[in-house]
Amino acid sequence: MRIGIFGGTFDPPHLGHKKYACEIINKLRLDRLIVIPTCVPPHKSSEKTASGEDRLEMVRLCFKEIDKIEVSDDEIRRGGKSYTVDTVASLSAQYPNDELIFIMGSDMLLSFHTWKKPLDIINKVKICGVTRLGSLDRSRLENYVDEYFPTEKARFIIEDFSPIEISSTQVRNAVKNGENTDGLIEKEVYEYIKKKELYH
233 MRIGIFGGTF
243 DPPHLGHKKY
253 ACEIINKLRL
263 DRLIVIPTCV
273 PPHKSSEKTA
283 SGEDRLEMVR
293 LCFKEIDKIE
303 VSDDEIRRGG
313 KSYTVDTVAS
323 LSAQYPNDEL
333 IFIMGSDMLL
343 SFHTWKKPLD
353 IINKVKICGV
363 TRLGSLDRSR
373 LENYVDEYFP
383 TEKARFIIED
393 FSPIEISSTQ
403 VRNAVKNGEN
413 TDGLIEKEVY
423 EYIKKKELYH
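If you want my numbering, it's the 1-based position in the sequence shown plus 232.
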């Protein structure tokens with residue numbers, strides 16, 4: 233099988249994430265997409281977030297209607313900082329005979345050489361760098377791979393995707409200010425947020 237890996241904080245997951253996931257499945261011709269909420273993102277500040285358990289449940293509610301999506305609690309269950317090298321080691325052990333593709337945005341890819349054990353990650357999964365700025369962004373990503381991973385170029389895929397026009401910060405602010413969240417998040421996710429009194 234051809235399996236994509238889509239990680240993120242998802243604080244909360246929104247309709248932009250859902251649209252993006254569907255585009256990933258179609259463009260990369262995936263048999264399955266594993267969505268993984270991080271426990272503690274090593275690359276983000278320690279701003280207040282919903283708990284791992286709450287984010288995991290919201291992700292399940294957000295993506296529940298998409299047949300090819302599987303939500304993984306791997307990083308939440310493991311606890312601590314969520315390092316990609318640990319996650320891909322776990323997934324490659326679970327799917328030893330499948331092709332695994334880790335999806336990341338262009339900003340994340342451009343710092344990939346600073347991640348924990350990047351070569352170990354590349355040995356287990358291919359990396360799909362997502363561009364949203366057309367040919368200029370594509371050229372920048374390709375040049376980056378040429379500079380930092382010249383002998384591993386075959387392990388990288390550069391693909392153009394539509395911009396995500398919703399942010400989790402936008403959703404959190406809307407909830408905090410009592411604004412309408414229609415068109416931003418799934419109704420079930422909103423109801424969960426209200427029930428658990430998140431982001432107030």
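Each hint should be verified, as a subset may be incorrect.
Calculated lysine-lysine pairs in the DSS-like style (CA-CA distance at most 27 Å, straight line) [to be verified]: (1) K250 / K408; (2) K428 / K250; (3) K349 / K313; (4) K313 / K259; (5) K358 / K348; (6) K259 / K408; (7) K419 / K356.
Pair ranges (Cβ atoms, derived) [as the list claims (entries may be wrong)]: (8) E255 / G312: 28 to 34 Å; (9) Q402 / M233: 33 to 39 Å; (10) S394 / E297: 16 to 22 Å; (11) N412 / E391: 30 to 36 Å; (12) G415 / S324: 35 to 41 Å; (13) S399 / S283: 32 to 38 Å; (14) P382 / G311: 21 to 27 Å; (15) R309 / M233: 20 to 26 Å; (16) E397 / K419: 18 to 24 Å; (17) T346 / S399: 41 to 47 Å; (18) N329 / K427: 38 to 44 Å; (19) A386 / P328: 18 to 24 Å; (20) S399 / N258: 21 to 27 Å; (21) N355 / G312: 19 to 25 Å.
No lab work stands behind these hints: they were computed from the structure. These numbers were taken from a predicted model, which means no experiment stands behind them. All C-beta atoms, glycine included, are put in the ideal place defined by N, C-alpha and C.
Against the structure, the hints:
{"no.": "1", "hint": "K250 / K408", "result": "holds (22 Å)"}
{"no.": "2", "hint": "K428 / K250", "result": "holds (22 Å)"}
{"no.": "3", "hint": "K349 / K313", "result": "holds (15 Å)"}
{"no.": "4", "hint": "K313 / K259", "result": "violated (30 Å)"}
{"no.": "5", "hint": "K358 / K348", "result": "holds (16 Å)"}
{"no.": "6", "hint": "K259 / K408", "result": "violated (35 Å)"}
{"no.": "7", "hint": "K419 / K356", "result": "violated (37 Å)"}
{"no.": "8", "hint": "E255 / G312: 28 to 34 Å", "result": "holds (31 Å)"}
{"no.": "9", "hint": "Q402 / M233: 33 to 39 Å", "result": "holds (35 Å)"}
{"no.": "10", "hint": "S394 / E297: 16 to 22 Å", "result": "holds (20 Å)"}
{"no.": "11", "hint": "N412 / E391: 30 to 36 Å", "result": "holds (33 Å)"}
{"no.": "12", "hint": "G415 / S324: 35 to 41 Å", "result": "holds (38 Å)"}
{"no.": "13", "hint": "S399 / S283: 32 to 38 Å", "result": "violated (20 Å)"}
{"no.": "14", "hint": "P382 / G311: 21 to 27 Å", "result": "violated (36 Å)"}
{"no.": "15", "hint": "R309 / M233: 20 to 26 Å", "result": "holds (23 Å)"}
{"no.": "16", "hint": "E397 / K419: 18 to 24 Å", "result": "holds (19 Å)"}
{"no.": "17", "hint": "T346 / S399: 41 to 47 Å", "result": "violated (24 Å)"}
{"no.": "18", "hint": "N329 / K427: 38 to 44 Å", "result": "holds (41 Å)"}
{"no.": "19", "hint": "A386 / P328: 18 to 24 Å", "result": "holds (20 Å)"}
{"no.": "20", "hint": "S399 / N258: 21 to 27 Å", "result": "holds (23 Å)"}
{"no.": "21", "hint": "N355 / G312: 19 to 25 Å", "result": "holds (23 Å)"}
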